Structures are given as C-alpha cells and as structure tokens.
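2 protein chains.
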Amino acid sequence: MSANTSDSIARELQAAPLETQVRAVHERAVTVSDLVRATRAAIRDHESALHAWVALSPDLEAEAASVGTDPGTHPMAGVSVGVKDLIDVAGLPTRAGSPTTSPDPAPEDAPCVSRLRKLGAVVQGKTITTEFGYFTPGPTTNPHAADHTPGGSSSGSAAAVGAGTIGLALGTQTAGSLTRPASYCGAAGMVLAHGAVDLKGVTGLSPSLDSLGMLTRTVEDLRWAHAAFCGPTARGAAEAAPPGRALLWDGSHLDTLDPAMTALLRRLPALLGRLDQDVAVLQWDDHVQSLAQDHATVMAHEAARSLEQEWERCRQDLGASLRKLLEQGREIPEAECTAALIRRDRSRQLLEEILTPPSYIVGPAALGPAPAGLAATGSPVLSRPWQLLGLPVVVVPGARTSSGLPLGVQVVGRPGREGQLLDIAHGLEHLLRQQPSIPD
Amino acid sequence: MSANTSDSIARELQAAPLETQVRAVHERAVTVSDLVRATRAAIRDHESALHAWVALSPDLEAEAASVGTDPGTHPMAGVSVGVKDLIDVAGLPTRAGSPTTSPDPAPEDAPCVSRLRKLGAVVQGKTITTEFGYFTPGPTTNPHAADHTPGGSSSGSAAAVGAGTIGLALGTQTAGSLTRPASYCGAAGMVLAHGAVDLKGVTGLSPSLDSLGMLTRTVEDLRWAHAAFCGPTARGAAEAAPPGRALLWDGSHLDTLDPAMTALLRRLPALLGRLDQDVAVLQWDDHVQSLAQDHATVMAHEAARSLEQEWERCRQDLGASLRKLLEQGREIPEAECTAALIRRDRSRQLLEEILTPPSYIVGPAALGPAPAGLAATGSPVLSRPWQLLGLPVVVVPGARTSSGLPLGVQVVGRPGREGQLLDIAHGLEHLLRQQPSIPD
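Sequences listed follow chains C and V, in order.
For what it's worth, my numbering labels the leading residue of the first sequence as 131, then goes sequentially.
For what it's worth, my numbering labels the leading residue of the second sequence as 131, then goes sequentially.
All clues given are correct.
Listing some non-contacts, in silico: residues in chain C with all C-beta distances to chain V over 10 Å: (1) ASP328; (2) SER338; (3) LEU378; (4) GLU438; (5) SER451.
One-sided and incomplete, this derived list gives chain C residues near chain V with beta-carbon spacing under 8 Å: (6) GLU177; (7) SER178; (8) HIS181; (9) LEU186; (10) ASP189; (11) PRO223; (12) PRO229; (13) PRO235; (14) GLY255; (15) ARG443; (16) CYS444.
Covered stretches of chain V, going by a simulated chain C footprint (3 or more residues, C-beta under 8 Å): (17) 174-182; (18) 186-199; (19) 220-230.
Since the hints were made in silico from the structure, they are not lab data.
If you're wondering where the values come from, they're calculated on a predicted model, not measured in any experiment.
For every residue, glycine included, the Cβ atom is placed at its ideal position computed from N, Cα and C.
Using the sequences provided together with the hints, build the complete structure.
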C-alpha cells in the first residue's frame with residue numbers, strides 16, 4: 131500500500147469497531163503508526179471542549195514502531211488505549227487527580243497496562259480522574275452536553291470514549307466509578323470481577339472494593355476487548371445471547387430514580403423478551419439496602435487506611451468531600467468493617483443461589499441521565515451493593531433522552547459468567563439503539 | 131573515582147553554588163548522572179508539602195548520559211533546571227495552569243530551553259504556574275510558611291528554588307510574575323530586558339510586556355547563570371560592585387507597603403553606602419503612577435488578543451480573574467493601547483537620562499512578605515512601571531521578618547547594564563544576610 135492510502139484508511143478506521151481496526155493492521159491495509167496518529171488527531175479535535183486528558187504519550191511514533199503486529203500474539207495490534215490517571219504508565223506521572231501526589235514519572239507500567247502493550251495496544255495517554263477516585267472532579271465535561279458532569283471517577287476515560295475519540299480506555303471502580311460515567315457518557319463499560327486482575331500499580335482507595343474495568347464505544351468492542359484482554363469466554367463473539375433469566379432490579383429502594391430512567395426500565399421486559407430471556411423481578415430489597423450501607427462502611431474505613439499518609443502529611447490539600455470521607459472512616463472501628471465484610475460473605479452465598487445460571491440481574495446503571503453542572507459527579511448508590519459483592523458488571527449504552535443525554539443499563543452476574551453478560555448486553559444494546567428517545 | 135564517591139559527593143554538591151557543581155563535573159569529581167539524581171531526590175523530599183512541579187522528566191538518566199561535559203562548550207554541565215509550565219519542553223505537555231490547554235507533549239523545546247541544554251543543563255521537569263501566568267493559583271505553597279502564597283505566576287519555580295531543591299529555574303514575567311514570587315520565596319531572580327531572548331515556545335499573555343527570566347538560590351548563582359546563558363558581562367564575576375548611584379524608590383505612591391518592607395527600605399541607604407554607592411531618591415512619582423496604569427491597559431488589551439481563541443472556545447473554563455481581565459481587555463480600544471505604548475516610549479527617553487550610568491533604581495520587590503492564604507498570589511503593582519519599560523530587574527534575597535518570611539529588594543536599570551545590577555545585588559545580598567531580622 132502507499133503511505134497516502136494507509137493514512138486515509140487510518141482516518142476512516144479510527145472510529146471503526148476495534149476488531150476491524152486490528153484486522154486492517156494484521157492485513158497490512160494500514161500501519162499502526164497511521165492508525166494511532168489518526169486517533170491522536172481525533173483526541174486533539176475534541177480536547178479543548180472535553181478536557182479528558184491529563185497528558186498524552188510523548189513518543190507515539192516510537193511506541194507505534196515497537197508494537198508487534200503478529201496476528202497470533204498481538205490480537206490488539208494498533209488499538210489505542212487511554213489509561214485512567216490512577217494507573218501507572220511508565221514515563222508519565224500518576225497524579226490521581228490530586229496535587230498531593232508525586233510529579234515523578236511512574237518507573238514502570240502497571241501489569242494491566244503492560245499486558246495491553248504486550249497484546250499490541252498503544253497507550254495514547256492518561257485520562258482525568260476525580261481526586262483519588264472519590265468525588266472532587268477534574269475539568270472534564272460530558273461529550274453530549276458540555277454543562278453536564280461526565281460522572282466520576284473514570285471521568286476522562288468515559289468522556290473520551292463517549293465522544294468517540296478513542297475506542298478503548300481503562301477505568302477503575304470502587305463505588306460506581308466506571309458504571310456511572312459510562313452511563314452518563316453513553317459508553318459501554320465493564321467492571322471486572324473483584325480480584326480478577328492484578329491491581330499492582332493502580333492507586334487504590336479500598337482494597338476490598340477496588341476493581342479494574344474498561345470502557346469502549348459499543349458492547350461489541352467490549353466483548354472483543356474482554357476476550358483479547360482476559361482470554362475468550364466460552365461462547366464465540368458472533369453468537370446471539372442464549373436463553374437466560376433476567377432478574378429485574380430497579381434500585382428505587384436505594385434512591386429516587388429520574389423519571390426518564392423509570393421509563394427506560396419499563397421498556398426492558400419487552401426488549402429482554404425479544405432476546406428470548408425469561409424475566410422475573412429480583413426479590414432482595416432488604417439485602418441490597420444493607421449491602422449498600424455495608425459498602426459505604428467498608429469504603430470509608432479502608433479509604434482512611436489507604437490514605438493514612440496523605441491524612442498525616444497534607445490533609446489540608448485534600449478536597450472537602452474526600453477529607454470528610456477520611457474523617458468518617460477514621461471513626462469506624464475495625465470490628466465494624468469486619469462485620470460488614472462477614473455479612474457480605476453471607477450475602478454472596480445467598481446470591482450464588484439467586485444467580486444460579488442462567489440467571490443474572492438487569493437494572494439502571496445510574497439514577498438518571500448526567501446531572502447538570504460540573505461541580506459534582508452524580509450518585510454512585512446503584513453500584514454499591516454489587517461492588518461490595520465483587521461481581522462483574524456490564525453497562526449497556528444505546529438509550530437516550532429526547533435532549534440527547536445517554537441512559538445506561540447495567541447487567542450484573544456471577545464471576546465466571548462474563549460471556550453471558552456480554553452476550554445479553556450486546557443484544558440489548560442493539561435493541562436500545564433502535565428505540566425512540568425517552569422524554570426528559 | 132569510585133561510583134560511591136561520586137554519589138556521596140553529588141549529595142553534598144546538590145545545594146552547593148552552581149559554579150562549584152559544574153567545576154566538579156568538569157573535573158570528573160562527580161558524574162552528571164549522580165548530580166541530577168541527587169537533585170531529583172531533593173525535589174522528591176519536598177514535593178509533598180511544596181507542590182512545585184507539574185511533571186518531572188521521565189528519563190533523567192538518558193538525559194544525563196547525553197549531556198556534554200566539555201568545559202569549553204558546556205559551561206552548565208550537569209546543572210539541573212526547572213522550567214515554568216508556560217515554556218515548551220519537548221515530550222512534556224505545556225498546560226499553562228489551565229485545563230483548556232492541550233495535553234499533547236510539546237514537539238520541541240523552546241529556544242531558551244534548547245539553549246540551556248546545549249550548554250549542558252538537564253531539565254528536571256515543569257514547574258507549576260498560575261493560569262496562563264495570570265492570577266488563578268495552582269497548589270504550590272511557600273517554602274517558608276506552607277499556609278502563605280508563593281506568589282505568582284512563576285510559583286513553582288520560585289518555591290522550588292526558595293526551598294533549595296533546585297538551583298536554577300526558568301520563569302517569565304508580565305506583571306510581577308517573577309520578581310514577586312522570588313521576593314516571597316526568598317529566591318534570587320532576574321527578569322531579562324524585554325526582547326533580549328527569543329520567546330518562541332513560551333505561552334504569552336502580552337507581547338509588549340512578556341519577558342523571560344531565571345531564579346536561583348543566590349545572586350552569586352544568578353550572576354553565574356546569567357553569564358553562562360547570556361554571555362559574560364563586561365565585569366568579571368568575582369569583582370565587588372563598582373561605585374554607582376542608587377536611586378531609591380519606595381513605591382508607596384502605588385500602594386500601601388507592609389511595615390516590614392518599609393523597615394527594610396530604611397536600612398538600604400546605609401547598606402548601599404557600605405557598598406560605596408551614592409544614594410539619591412528617584413523623583414519620578416507622577417510618571418511611575420501613569421506607567422503603572424498604562425501597563426495595566428496594555429496588559430488587558432493584549433491578553434484579550436492573546437487568549438482570543440480561549441475566549442471564543444471555552445471562556446467558561448477560565449478562572450474568574452482571567453475572565454474578568456479578558457472582559458476588560460475586550461473593551462479597551464486599540465487606540466487606547468497605542469497611546470499607552472507611545473507614552474511608554476517617551477518615558478523611556480526620559481529614563482535614559484535619569485538612568486545615565488552609573489545610576490540605577492533600588493526599591494521593594496513586593497509590597498511586603500508573602501500574604502497568608504493560597505487563594506491569591508499577592509499584588510504585582512510594584513513591577514508594573516518597570517515591566518512596561520522593559521527594563522532588566524534583579525531581585526535580591528537575604529532579608530527576613532522575625533517570623534522567617536523573606537523580603538526581596540529589586541534593582542532596576544537600563545538594558546545593557548545587567549553586569550552592574552548583578553554586582554550591586556550581589557553586594558547587597560551579602561549585607562542583607564548579615565542583618566538582624568525585621569519585626570513583622
């Protein structure tokens with residue numbers, strides 16, 4: 131191919147499905163260099179309004195040149211990835227949304243990043259996070275309405291993916307840190323089961339809760355990226371969702387839902403029916419409520435420990451909301467946290483039964499569309515019970531309000547059932563994108 | 131030498147005069163690598179309280195390895211330098227204290243940075259600036275009192291030098307952006323004459339006013355760095371100040387001075403006398419007042435032009451003080467700015483006479499010690515008249531209040547008389563350091 135051809139193909143491919151991008155690299159229809167440069171150009175075009183990035187990788191050309199493109203060993207050859215600024219990338223500082231962190235470049239990639247690189251992915255840069263993954267936001271805006279929050283704490287990752295400038299971004303979740311911004315920004319998202327991957331090199335807030343995840347433009351991309359990153363699930367990528375049993379959960383016992391989200395949930399039984407799914411209602415409200423409370427207890431207690439040094443050294447430089455969390459957490463006795471974790475273990479056993487295959491949970495990924503204003507990042511409450519249980523979660527984009535704000539659905543299941551969750555999510559996304567918008 | 135020897139020498143040399151450091155490199159008593167690593171360690175030790183750095187250079191080792199150490203061509207071999215984050219450094223983004231700027235790494239060094247590198251200096255990283263060099267501060271604290279402002283806009287450069295973690299930093303000045311933080315942080319500082327160096331690659335606010343400058347721990351270092359960077363002045367470095375004529379200016383017609391600064395100024399005639407200087411009083415108050423006003427007019431008008439794009443694209447993301455400056459600037463007609471610049475030209479002619487060698491001006495570098503609080507960066511008013519005239523300025527450290535806050539003196543003169551200003555400043559610093567502290 132001529133250099134010009136590769137370049138113009140790259141520009142067309144930049145927004146294409148990840149699998150298509152990689153196939154073009156493997157077939158030498160496009161060079162990795164042209165592909166990542168096209169993505170860099172898209173990032174640049176949106177950044178002045180979006181504020182999604184802390185810093186971009188300085189020598190993209192060299193990184194592109196060093197990427198392997200062997201189809202067997204490099205299934206992600208040429209895929210651009212954004213890395214949440216809680217996760218170490220060699221050569222760039224991990225500022226974690228806080229001036230109290232070191233401006234020193236991280237000496238090495240976090241294992242999750244080096245794994246992506248080994249697979250052929252190219253790191254475009256670090257995406258903005260809220261302060262230590264808690265509530266104090268950075269300058270990132272929502273790609274669908276600049277005066278609305280992108281959500282947090284994976285703000286930059288969700289905004290960049292939701293804007294379409296990048297096809298894959300790493301995020302983390304302690305309390306709705308990935309599912310909520312994915313929902314607000316119209317991105318597909320997946321929180322991996324707790325403990326599924328090594329969190330070394332990832333700035334943590336609460337070891338019992340912190341999980342890694344990824345965001346993509348579509349569930350198709352998510353399914354593809356999950357297979358490349360975690361190994362293929364039992365089912366092939368192209369298959370339709372197998373019959374299963376959806377347990378509907380509306381979360382309204384935890385907080386008031388926005389009417390638009392309630393309207394979306396009303397549509398779900400029919401849509402799930404079209405996917406050959408049985409539909410029942412999750413009968414677990416008391417448990418879920420207690421799980422949400424226990425999540426808050428564990429998070430505050432463990433955050434106070436994780437950020438003990440910052441508290442001692444420079445608490446005056448922490449945002450008000452984080453300082454309050456740490457104050458609360460310091461008052462929570464060890465025994466109270468342990469009791470919460472023991473209740474969690476019992477709930478896990480109960481849930482094993484409830485989620486006997488082929489059952490899974492479907493519910494709202496957030497209380498409603500992204501709230502107006504950039505000073506707050508919205509409520510994480512609908513994530514708390516599932517995050518305490520450490521379950522894998524997939525966020526399904528596709529639904530919109532009539533003013534164009536995205537609404538996400540979360541599909542939650544047992545660890546080990548990721549393939550099913552992704553299949554359901556894939557089918558659901560397809561149907562949601564065909565639906566008329568929901569009046570706000 | 132053994133590796134261990136070089137390493138332990140490096141740690142001792144880190145805080146030594148720059149000339150001593152370089153001599154040790156030239157004589158192979160220490161390696162550049164050990165020297166810059168010792169500085170990096172000092173930076174790390176202070177950063178969690180100081181917040182002076184945006185990002186540190188990722189591959190210091192490689193940079194150290196590529197530095198030339200030939201005494202003839204590398205007079206700055208091994209000197210660590212901090213670069214204000216308005217100035218481009220290849221591979222690091224120039225964020226200019228604003229989320230509206232690009233996270234893209236700068237493609238190349240600004241000429242002032244590449245000049246330093248050619249001379250053998252090693253860039254340690256980017257130092258925090260206020261938003262576009264105006265008033266909205268970053269998280270930097272004052273090295274002598276963590277709850278006091280370091281001043282702005284060269285906040286990180288002045289704090290890092292004032293804390294002693296680095297011996298040389300680049301700054302810029304539009305309105306007291308270097309002289310004020312140098313004074314507050316107890317650093318020596320020099321604003322080069324307007325137009326003396328190429329400002330390509332430097333994010334500007336007002337082309338008629340923007341100047342480059344540097345900060346060092348002592349005037350001795352400043353004299354040395356100025357000679358290395360700009361070429362030696364007429365006089366040798368070791369000589370005492372020649373007899374001259376100091377024109378005292380107290381600036382009190384521009385704003386109220388803090389009593390501690392007034393007390394310091396009262397000491398100056400005797401100290402200057404001990405340096406064999408004649409002392410007179412600058413009789414130019416009306417002019418200076420009109421120059422300060424004209425400076426504000428030019429700055430607002432030109433800033434509105436310089437940041438026209440940001441205004442159009444994302445004014446809602448600018449800090450309130452900058453937005454107000456731009457609003458004011460947009461209302462100032464071109465003709466008003468031109469008239470101010472014509473008055474400036476006339477004043478320059480008058481000043482030529484007033485500053486006939488060996489005359490120069492000596493006055494306060496700031497209204498007083500660093501004000502308490504981190505939300506504001508103090509007043510730049512005492513810089514305005516001299517900055518409009520484009521004169522070189524040297525800030526002399528050494529004076530302290532009894533609570534340990536530094537007070538700086540500025541020595542201002544004609545372009546071309548830098549050697550004399552530095553000599554005077556050098557003598558004055560020596561005497562100021564011997565003086566008892568000034569009651570606050």
